[in-house]
Each structure stands twice: as structure tokens, then as C-alpha cells.
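Asker: Mind assembling these two chains? They're in different frames, but the hints should get you there.
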Amino acid sequence: MTAAAADVALKGRVGDPFSSAWRRRLPLLPALVYMIAITQLPFLVSIYYSFTNLKDKTQSLIPEPTRFIGIDNYKQIFSDPFFRQAVWTSLKMTVLAVLLSLLIGTLFALLLDRKFLGQGLIRTLLITPFLLMPVVAALIWKQQMFSSLFGILDKVLNFLGLNSVAFISSHPLGSIVTVLVWQWTPFMMLIILAGLQSQPGDIIEAANVDGASAVGIFRQLTLPHLRRYLELGALLGSIFIVQAFDAIDVMTGGGPGSTNVPYYVYQESIGGGFRYGSASAYAIVVVIFAIIIATFALRVLSSLFADEERA
Amino acid sequence: MHEGRNASGRRRVRVLAGVLVVMLVAGAWLAATAMGGSASKTISVAIVANGQMQDIASLTPSLFTAKSGIKVKYTILDEGKLREVTTRDVGSGGKSFDAVMIGPYEAPQFGTAGLLKDLTSQAKADKAYNYNDLIPAVRNALSVKGHMFASPFYGESSFLMYRKDILAKAGVTMPLHPTWQQVATIARKINTPSMAGICLRGKPGWGDFGASFTTVLNTFGGTWWSSTASGQPAAAQVDQPAFKTALDFYAKLVQDAGEKDAANSSYNECLTAYQAGKVAMWYDATVAAGFLEASNSPVKGKNGYAFAPVDKTKASGWLWTWALAIPKSSPDPGDAWKYIAWATGPQYLAAAGTRVKGGWAAIPPGTRISTYKIPQYKAAAKAFAGITLAAMKAAPITNPGTTKRPGLPGVQYVGIPQFQDVGNRCTQLFASVLSGSMKDTDALGQCQQIASQAIK
Numbered sequence: 283m284t285a286a287a288a289d290v291a292l293k294g295r296v297g298d299p300f301s302s303a304w305r306r307r308l309p310l311l312p313a314l315v316y317m318i319a320i321t322q323l324p325f326l327v328s329i330y331y332s333f334t335n336l337k338d339k340t341q342s343l344i345p346e347p348t349r350f351i352g353i354d355n356y357k358q359i360f361s362d363p364f365f366r367q368a369v370w371t372s373l374k375m376t377v378l379a380v381l382l383s384l385l386i387g388t389l390f391a392l393l394l395d396r397k398f399l400g401q402g403l404i405r406t407l408l409i410t411p412f413l414l415m416p417v418v419a420a421l422i423w424k425q426q427m428f429s430s431l432f433g434i435l436d437k438v439l440n441f442l443g444l445n446s447v448a449f450i451s452s453h454p455l456g457s458i459v460t461v462l463v464w465q466w467t468p469f470m471m472l473i474i475l476a477g478l479q480s481q482p483g484d485i486i487e488a489a490n491v492d493g494a495s496a497v498g499i500f501r502q503l504t505l506p507h508l509r510r511y512l513e514l515g516a517l518l519g520s521i522f523i524v525q526a527f528d529a530i531d532v533m534t535g536g537g538p539g540s541t542n543v544p545y546y547v548y549q550e551s552i553g554g555g556f557r558y559g560s561a562s563a564y565a566i567v568v569v570i571f572a573i574i575i576a577t578f579a580l581r582v583l584s585s586l587f588a589d590e591e592r593a
Numbered sequence: 061m062h063e064g065r066n067a068s069g070r071r072r073v074r075v076l077a078g079v080l081v082v083m084l085v086a087g088a089w090l091a092a093t094a095m096g097g098s099a100s101k102t103i104s105v106a107i108v109a110n111g112q113m114q115d116i117a118s119l120t121p122s123l124f125t126a127k128s129g130i131k132v133k134y135t136i137l138d139e140g141k142l143r144e145v146t147t148r149d150v151g152s153g154g155k156s157f158d159a160v161m162i163g164p165y166e167a168p169q170f171g172t173a174g175l176l177k178d179l180t181s182q183a184k185a186d187k188a189y190n191y192n193d194l195i196p197a198v199r200n201a202l203s204v205k206g207h208m209f210a211s212p213f214y215g216e217s218s219f220l221m222y223r224k225d226i227l228a229k230a231g232v233t234m235p236l237h238p239t240w241q242q243v244a245t246i247a248r249k250i251n252t253p254s255m256a257g258i259c260l261r262g263k264p265g266w267g268d269f270g271a272s273f274t275t276v277l278n279t280f281g282g283t284w285w286s287s288t289a290s291g292q293p294a295a296a297q298v299d300q301p302a303f304k305t306a307l308d309f310y311a312k313l314v315q316d317a318g319e320k321d322a323a324n325s326s327y328n329e330c331l332t333a334y335q336a337g338k339v340a341m342w343y344d345a346t347v348a349a350g351f352l353e354a355s356n357s358p359v360k361g362k363n364g365y366a367f368a369p370v371d372k373t374k375a376s377g378w379l380w381t382w383a384l385a386i387p388k389s390s391p392d393p394g395d396a397w398k399y400i401a402w403a404t405g406p407q408y409l410a411a412a413g414t415r416v417k418g419g420w421a422a423i424p425p426g427t428r429i430s431t432y433k434i435p436q437y438k439a440a441a442k443a444f445a446g447i448t449l450a451a452m453k454a455a456p457i458t459n460p461g462t463t464k465r466p467g468l469p470g471v472q473y474v475g476i477p478q479f480q481d482v483g484n485r486c487t488q489l490f491a492s493v494l495s496g497s498m499k500d501t502d503a504l505g506q507c508q509q510i511a512s513q514a515i516k
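Line by line, the protein sequences are chains A and B.
Just so we're aligned, residue 283 is where the first sequence starts under the numbering used here, counting upward by one.
Just so we're aligned, residue 61 is where the second sequence starts under the numbering used here, counting upward by one.
There's no promise every hint is true.
As the list claims (entries may be wrong) - Calculated cross-link-like contacts (lysine-lysine; reagent style PhoX-like; alpha-carbon spacing at most 25 Å): (1) A:K337 - B:K372; (2) A:K339 - B:K417; (3) B:K388 - A:K337; (4) B:K249 - A:K339; (5) B:K249 - B:K372; (6) A:K339 - B:K205; (7) A:K357 - B:K141.
Keep in mind the hints are simulated off the structure, nothing from the lab.
The following block holds chain B by itself, in its conformation from the complex (with noise of 0.2 Å):
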């Protein structure tokens, strides 16, 4: 009875002592790794999960952490997604980010809220980055009073893409300035069952499906909120008879001769469904026509261009860059700049364009002058780089529509910080529409009380 007490007790000592050497070694590798972390540097980098910020997050580090030795960390989300975690950890000063990726949304906002670091006296001393070489419209969208936020990645406008082959089979022809009435009465003669008329956005989001719908309302003549004399929203017009013309619009096309479940599908699905050959148009950013016509593209040298299709207004596209900035909070904003330089700079572009899989039509576009005088990529870009830049320099950025706006300029967007819930909750209600599960009064009516809820 004795012994077999002090044998268990023995046991017991030696199961404790073996627990204790398992916590020493655990305990001294997390202390080796945590050391081994600050040893070596890295930044943490949040970006949109599109074609260029795939390639340039592949290539990072053969072409940047090899040279400066800085890992990047790459968080990489949808477009809506991305904007969540950025505008949380902006806006509570999280330490999660060095470099978060933007847009003309939120830069001057969350630079005018000072929750960004001012970019602009670096970008000027660095020979390296060449601030004169960005493209003046990009520059000025990412920048309040000359203050510089964010440093642009690439660039865009929006406009209609199209196949050729398949319009001239059809026997139409698109006019280089279309009208949404014959851009719509194209998509229906066009429209098959295995191939659909036109791809619109119609995901739920700000960025999605509002910024497509946005673009369109204001050329129909609509507008989300009506603008005092100092630029304040004065009250939500969605319950007007334009903004119910440009959603019904919208919508009836998406279901007479739109893409297969429009409420799933954004700039990427439309992108996918294009290439696929299930689409024969495609209004969305002047960025796709990289990849459209890229060397491994199936449609490569199938595509015609046209500008934004307009109704009430001269010039209808909007104006978006995805941008970089270092929010204040950020724990290391001199790598931070370091990175920006380099992904933003005249250098990336030029070693892109041998390096991703799309070669030279592929690279960032729309950033800098630079990039239209590289002789590789103004033969590969042929198609639609004349009108990229025409589209972008169009893009009637502080008068969108037919009314005053509120807020800062944007085309497909209101420069308000209201706007982000507004937009996201509304193109859910939108996206019901398109889907035939919602009336377009009922949906109008709920987004009208959302719109003028927030502004209260």
C-alpha cells in the first residue's frame, strides 16, 4: 500500500517534469521566432483581390524583399471585404496595416479626417517614384489641396467593351460615343441562350454594383441626394421619378439580355463570363481591357471600345484608381514607403511587363504618363489605350449629372462618408430587383428611408 503510493507519486513527478520540458521548448521556440520576426523586417500590406495586385503580390518577392530586404505581408480581400477591414483599422487607429489599398472614395475623406499619413513631401524627393510623371486626374483624385494621400497602383475609367466578331455576325455596329438606348437595344437583338447581351454589375456594394448603377443614374438625370449651396447633402432623392427610370432601366436590361445570376456578379465574374465567351458586351472599367487583351487571353484582338454609354449627359465614366497609403497608425511607415515607392513606381511597371502572365497589356495601367510612351506596351496596349486615356481625361469627376452633388467630387460615387452604408444597403435591395425577388417601388421606397436615415 506504502509503495504502490510512492510509485504513483513517483509517476506523477515524472509526468510533471516531462510537461515542464515540453513548456521550456515551446516557450523558448516562440521566444526564437519572435525574435527571429523582429531580426528581419516585414510590413503587412492590404490589397484588393484583382488581376494586377495578384501579379504584383507574386513577383513582391523576387523584385522588392530580394533588394531592400522587407517581407510583405499580403492580406488580399474582395473589394468589399477590403473595405471593411481597411476602414476599421483606418478609423480606430488598428496597427494591422503599413500600406492599406484605397481609392478617390476614401483618400481625401480619410486624409481630410487626418487618418493618413500625407504623402506628398516624399513622393517629391524621390527621384526614383518621379511624382510629375502621374497622370494629373489620378494625382488630384487621391489629393486634398494638393496634399497627396495614397499613391496610385493603376488607374481607370469605365467603358463599354464589346466583340467585335460577334456584332458584325449580328450585322450592327457600335458608334464609338453609344447611348444606354443603343447600347440596349444591341444587347436584346444580340442576346442568345448560350451567349448573353451585355455583363452589368449587379453584386451587392458601393464599389460593385453602385458604382456601374451610379454612372448610369447620372446620366439619366438622377441622383442619390439632392446638394445644399455648401456642398452638404440636403435630402435623399431616390424616391424620385429619374432614379426609378435609371433603376428600371438597369434592371430590365440585366434580365432581357443580362449575364446568368447578375446579383452574383462583379467586375471579376463579369471578367471571367467575358473571356469565357458568355458574354458578347461588357460595361466595366477600361483596367479589363488588359487582360482581354493579353497574350494569354481567348478573345485577344476580338475586342472593340466605346465610351460610357451616356443619356442625359456629354460624358458618363467614372474615375477610379486603387491606391496605396499608409494609415498614421501604421507601425513602420518608412518600409511602408519604401514598398509604396516601388509598387507604384515607373520601375515595377517596366519590370512587370516582361514578368506577369499577361505580358505587357497587362501591367498596371492608367498611373503614369510614362507607361503610354513604353514601346512594348503601346504596341500591346494598341486597342484601347488611346481610349483609356481620353475615357479617364472625360470623366466628369466634379459634375457627374444633371444636379449639384454633395460632398467631394466622384462620379460613381457620392464624396460623402454616409455614402459607403448607403450604397451597400441599397444595391442589396437593388440586387433583389435584378433578381426578380423585389418589387423596384418596394426596394425605392426602403432605400429612400435608408438614404435620408443617414443624413439625419
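Just chain A, with the same shape it has in the complex (with noise of 0.2 Å):
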């Protein structure tokens, strides 16, 4: 057979649901199936529901029809001045809690770069808030440090012969922030770690040997190679702290401050409004502005794996 037989005969007609290739596929067939099943039908059911005023069923005395009501849900995402809260609030939360965890996380990294005493004990200790549950760890911040009546937080304030701060319900945000940070600084430092060693050592000697200050090796050297870890970080860390939930919902329960975007669609749906028409179209314009994000995150993800190719 000719490499061009080989390929008719592999492609097979179009639309021929017995050729060659359609069976190899067939065995993926279950697991597409599923996959639509699960995660795109669900989709088109919230785009209709976004179009219409559907509501639980306990929210009206009287049993209402559900009505197709247009685009009238949508409108009402623009002009509601909470869900821009949320949206502030969201944006506010996200980048602080990214910078600051890729800044303490990048300090870990080039600590633990080193060799010294205990660094294979250090190292795990360092990693431990990420691997908790992030229920558990709002919890403990919530109970054990921030609490006014027992936290250490407040003992700590007594003892120094200050007043107690109430810092949850005086510094919403900036309670989740700091537990955020606390959980996801590891998984940073981990990024920034894995980006050190990949650093050539041969460099680092010789500027060593060109007499360059280490202050100059990391400025000059050793941040540029950082560059992309960081970007790496930074965009996963987005992803994945623009949808914190746990620790809105334990410490805070929602509010001025601490409501993000999630929270709000939560709050709006099943979590107390039980207007699902409503809450369907806020979340399907979050899904727009999350795709929107994920493609930037990809495309910087590709870009690194193609430079490692290079490299």
C-alpha cells in the first residue's frame, strides 16, 4: 500500500460512520457522551433559564407560571449596583491576595533554594496550608485566630495592652485576603521553586566569577528567568481564587466587603434569593468573562511550553 492509500484508507469517507477512523474513535464515543451530558446540557438549560423569571417554588404564596421574560434579566445585571460591587469586590480580592501570596511565595521559594538544616522538614511545614481543606482552614482562622472572645489574634492584642479588634466584621476583606494568602502562598512558592532550579547553574558562577553582587545575579539573572514562573502563577492563581468561596461563606456569610462575585450569583440562586432565572444570567456572564480570562491564561501556558521546547 502507498503512504497515500494508507491515508484514504484511514481517513475513510466522510461521514462514514464505519470507516476506519470513526471506529478508533468509537471507544471515546461513552465518555464524550457523558461529558455533554453532564456539563453542556446543563449550559443550554441555564442560557433558557436566564430568559425567563423561573423562581423557587417557596418563594410565591401563590404557584406562578414561569414566563419567558427576553433579555429583561441582563438589563437587570447592568444597572444593579450590587453585582458592580461584587464585581469590585472580586477584582479587589483577586489581585491582592495573587500579588501578595506570589510575593511571600517567591521570599519561600529562594529560601528554600538553599541547602540548610531541616529543609526537607521546613519545605513540608511550608507546603501544609495548601494541602487543607479550604473550609477547614477558614475555619480555623475564623475560630482560633480572628475570634474576639478566643482567638490568638486577641490575646496577642491584650497582652501588648491594645483593645480588641473585631477584624472580621471590621476588616471583611481583609480577613479573607490574609487566609487566601495563607493557603495559596505555597502553591506559588512551589511555581517559583520548580522555575529556580530550572535555572542553569553555570550562569550564576559566571557572574560569580565576574564579581557580580547577589543582589545584581538576582535583578539582573535570576528575575527574568523568574518571569514566566511569575506570569504562570499569577494567571493560575487568578483562576483559582476568583471563584473563593469557602472562606466567604464561613467567615462572613456575604456582605459589604466580602461579597464577590460567586458569592453573589450563590446568594442570588440557591443560596437565600431563589431567583434562578435572574441568577442564570449573572452566571453566564461570568462564564463569558471567565472564558475571556482562561484564553489569556492558555495562550501564556503555551507560550511557556513552547519556550521550554526551545530552551
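Answerer: Written out as C-alpha cells, the structure reads:
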């Protein structure tokens, strides 16, 4: 068989379900159908709901029929000040948490990149926060650290002769960002550490021989090398932190300064509002924004791997 | 080469066989437990994480399961989460629970919407349950046109609890029917850094901060919504002066003489603070008195009780009952009723008195006339039983404020479905006012928007 003939046999005639190409795909079909059934169908249903005034049955004394209301739900989103607040909170929460955890993560990574006594133990301890369930982490912070009745921070403040601070109720955003940073620093640390360890040692050696200072080496060699890793950390971190929910639900249960977009959608739907129609519209707007951000993230990721291959 | 492949092939077969055996054993075990589960009957019940409910959960195996053979799987949640879960489950016809704990806000609404089983005929037919023994005010709060949709586990009004010793030391006396101005003056006078003057709920949630605050709002002449002649909500009234006066009064009192971190405190937190001697007065549910006078309470015998403080109305105490209902979607309504008849019947009250940690004073109060005839209870609850009953009777359930209210009757809530969400979101804003991170005018402006949008 010639190569061209083999190619034709492999591709088969277009649309022929019994061609060898289709026979090869056949075993994948159940997985594909399953995936479509559990991810895409609900999404389509959500799109349909977003054009209706669907509400929970408990939300009306006399059962109301669900009506098709066109784009009213979408119009409402852009005139809803609470949604704007939630977007703003999401933005602040994500940017603060990502930048701080990236900064602290880089410092820890630089520390772990050098050999010292007890390095293994310290590394394990530093990674631990990332292994905790988010709900548990939030509860620990809420009850054992921030609580003004029996929190450690309160005890420390009182010991120093300072007044108690109701951390969570006075500074909801700050408290939640603290927990998020605590949780996500290890993640950033691991990414940066991988970057540091892929840095060729001979260049540093050469710089040392040339008499470059430690700060100089860091600024002019290490940092440019880490740029890609920092970008990757920032993007992955943003993707995860923008959907923060656990910490908010456990610590404040929403409210000004702590309701972010996912929590707002939750409040609007199964979290108390039970207005499934408008909640679907919010969710769809969020998905559109998420797709835009994810596209950027994927582009950075693929360029990173392309660089690796070139190197 | 040939042999090597054979050997690895044999190894693969052995591994595969091993995996198969493990799967078979696991499958058989799962099947066995599943069958075991269906053989002995189990019902699922969602309840609130308050003291009396914790008590019944721990007494259920010995007092109920041992006799009936019905196992009870409890889901114990705090008030806000419980509401979320039950509303979701009942509304969507979910089958998670055979019985759920709700109150006079939910029972008539869910009942009217056809989501709950009507318990009236079963309750009347059950001699041991004794329908006519239920306190009428409580039974009516859970009924619509004579149909009872939930059976009360405990009933309560709200009143003011205070430390007699602390007030005496400060040389002040609390009238039996105080006004809010009197209470505020006393609270500010007795407030010290180590002991706050008064504990008021500030934790977001319509049933938490929202309940205490709405009774204050009512008596200050404010309201959430005005009403049309037919009882529909007409317009949001959060931007009215009376609402601002009530919120400012409440926030100022909490900031001047309230508990630490008020925006995180509700019934359970205030109870802990009061028992630990961190607050001198407490405005909350009458049911709390059972724990203050319980045999294991550090403040037993030190407390005075006064009716809910007022301003422009004659009475301001709320009426509430935590009650068990059966969702229409319950997989096992028959056993659910058996459980409810036991948990809310007179036998449990008699049995609990000698078994719960707090003794007779801590049994679920306010549901049955017969409870107040038990000699041991009368002795243990001397300090608060009378005023509890009087407060429940006085609760202005149909006319709580100075203007007509929309929806079904209610004191500390508005009997329309939208109130749950509006109350929750607005109390989040008001809690920020309590903690000083938001201005009252901003919070009221945003709340007015929420309340207006909800009834559109």
C-alpha cells in the first residue's frame, strides 16, 4: 500500500460511520457523550432559564407560571449596583491575594532554593496550608485566630495592652484575603521553586566569577528567568482565587466588602434569593468573562511550554 | 525473550485477577450494607443547633429508637444554614429529609404553597400526642385556616433578661414593662470594660439580627414595607425616618454598651457571653431563660426578667416556635409522624426533665399547657415560666407596629417570601453599621433598593 492509499483508508469517506477512523473514535464516544450530558446540557438549560423569571416554589404563595421575559435579566445585571460591588470586591480580593501570595511565595522559594539544616521539614511545613481543605482553613482562622472571644490575635493584642479588634466584622475583605494568601502562598512557592531549580547553575557561577553582587544576580539573571513562572503563578492563582467561595461562606457569609461574584450568584440562587432565572443570567455573564480570562491563561501556558521546548 | 514476555503476561493476569477479586468483595460489601440499610428503618431530620435540639438528638437513640426501631439521622445546622437547606429541599421536592425544623414564618407559607403535609388529622387522632394540649397561640402560628402544618418543639417570645445583682450594685431597678429608653440608660450606666451593659443580636440573618431588630423597628413606628388594602406589599419603607431612628438607636446602643464583636453574635453567642458573666443584660428569646436557670448554670438564681422593651407600641415581644414539619416529598411520612409525635409530644417533655443536663428548667418550653402543670417544672422554672406565658400571649402577631403590615401575620418578620432574602442581605449591611465599617445612611439607601427590587 502506498502512503497516499493508507492515508485515504485511515480517513475513510467523510461521514462514513464504519470507516476505520470512526471505529477508532468509537471507544471514546461514551466519555464524550457523558461529558456533554453533564456539562453542556445543563449550560444550555441555564441559558434558557436566564431568559425566564423562574423562581423557587417556596418564593410565591400562589404558584406562578414561569414566563419568558426576554433579556430583562441581562438588563438588570448592568443596572444592579450590588453586582457592580461584587465585581469590584472580586477584583480587589483576587489582585490582593494573588500579588501577596506571589510575593511571599517567591521569598519562601528563594529560601528553599538553598541548602540548610532541616530543609525537608521546613518545606513540608510550608506546603501544609495548601493541603488543608479551604473550609477547614477558613474555620481555623475564624475561630482560633480572628475571634474576639477566644482568638489568638485577640490574646496577643490584649497582652500588648491594645484594644480588641473585631477583625472579621470590621475588616471582612482583609480577613478573607489573609486566609487566601495563607492558603495560596505554598502553591506560588512551588511554581517559583521549580523555576529557580531550572535555572542553569553555570550562568550564576560565571556571574560570580565576574564579581556580580547577589542583588545584581537576582535582579539581572534570576528575575528575568523567573518572569514566565511568575506569570504562570499569577494566572493560575487568579483562576482559582477569583472563584473563592469557601472562605467567604464560612467567615462572613457575605456582606459589603466580602461578597464576590461567585458568592453573589449563590446568594441570588440557592443561597437565599431563589431567583433561578436572574441567577442564571449572572452565571452566564460570569462564564463569558471567565472564558476571556482563561483564553489569556492558556496562551501564556502554551508559550511557556513552547519556550521550554526551544530551550 | 519469549519466556520473559510470557512471565510478564502471567503477572498481568494475576494482577487483573487480584483487581477483580477486590472489586467483587467491595461490591458484595456495598450491596450488603445497602440491604442492611433498607431492613432497619431510618429517617432523616434537619434541626437547629440550639441547646434543646442538641438534647433531643442525644436522647433519641435511648428514648425513641429503642422502642420504635426507627433510627433517626440528624442534620444539625445553625439557623441560617438550616433555612437555606430546608427551603431548597422543600421547594425543589428533594427527598433529603423526612422531617424538617421550621417556624411560623415558613410553615404557613410553605403550607399554603402546598409543599408540606397537613398534620391536623393525624395530630387530632393521636391520643398520646394530645392536640388540644398545644398552646393555642403557638398552634395558630403554625396553621392556616385550621390546618396545622408543623408541630411545635418549643415556643418562645422575646424578653429582657438581666443580672439582678449587677443592677442592684449600680443602684438601678428594672421596671416589669420597660421602655427602650430606660433600658438604654441602664445599659450605658452599668457598662464596664469587662462586662458589657447589654447583649443584642448583630449577626447577619433575618432570624438573627433581623428578628431582634424588627421588634425594635416595630415599636419605634417603622416597617419594612407598607401594605395595600389586600395585604400585598406596596412600597419599601426603609428610607423612612422611623427606620433610621430605630437602626441608629440599636447601633448606638450596641456600640456604647453592647457585647464585643456584635456583628458576629446571635442567640448562642449571647447565651455564652451572659453565662460567662460578660454581659449584664440580654434581650432575646424567652427560651434562653431555661439555660440561665438550669441546674448547671453559673448564673442560676441571679436573674430578673422583664417584658420586651417598648417605645410607641404597648407590646413588642415576638412569637416564635421551632416546629417539625413533613415535606410533601418525604420518602417516609409515616415514620416521620411517629417521630414528630414523640419529639413534640408530652411524653418527651416528661422524660427529658430527669435526663437533660440542665434539668427540668431546660426542657423545651412554651408548647403545651400541661408543661406548666408539671410540679418539678413549676419549681425549676419559677423565675420565668409565668412571664414566658404572658409574653407569648401578649405578642402582637397580627398588628405588631403602628401601621398595617403586608403578608401573613408575624412580629419579628414580615410574612412574605421575599423577606427571607431582603432580611438577610439588609442585616449584612446593618451589621457593617454596628461594626462601624459603613455609614447608616449608606446601608439604609442600599437596603431600600434591595427591598424595593424584591417586591417588583
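Asker: Indicate, hint by hint, whether the structure satisfies it.
Answerer: Here is how each hint holds up against the structure:
{"no.": "1", "hint": "A:K337 - B:K372", "result": "violated, 38 Å"}
{"no.": "2", "hint": "A:K339 - B:K417", "result": "violated, 40 Å"}
{"no.": "3", "hint": "B:K388 - A:K337", "result": "holds, 19 Å"}
{"no.": "4", "hint": "B:K249 - A:K339", "result": "violated, 49 Å"}
{"no.": "5", "hint": "B:K249 - B:K372", "result": "holds, 23 Å"}
{"no.": "6", "hint": "A:K339 - B:K205", "result": "holds, 21 Å"}
{"no.": "7", "hint": "A:K357 - B:K141", "result": "violated, 31 Å"}
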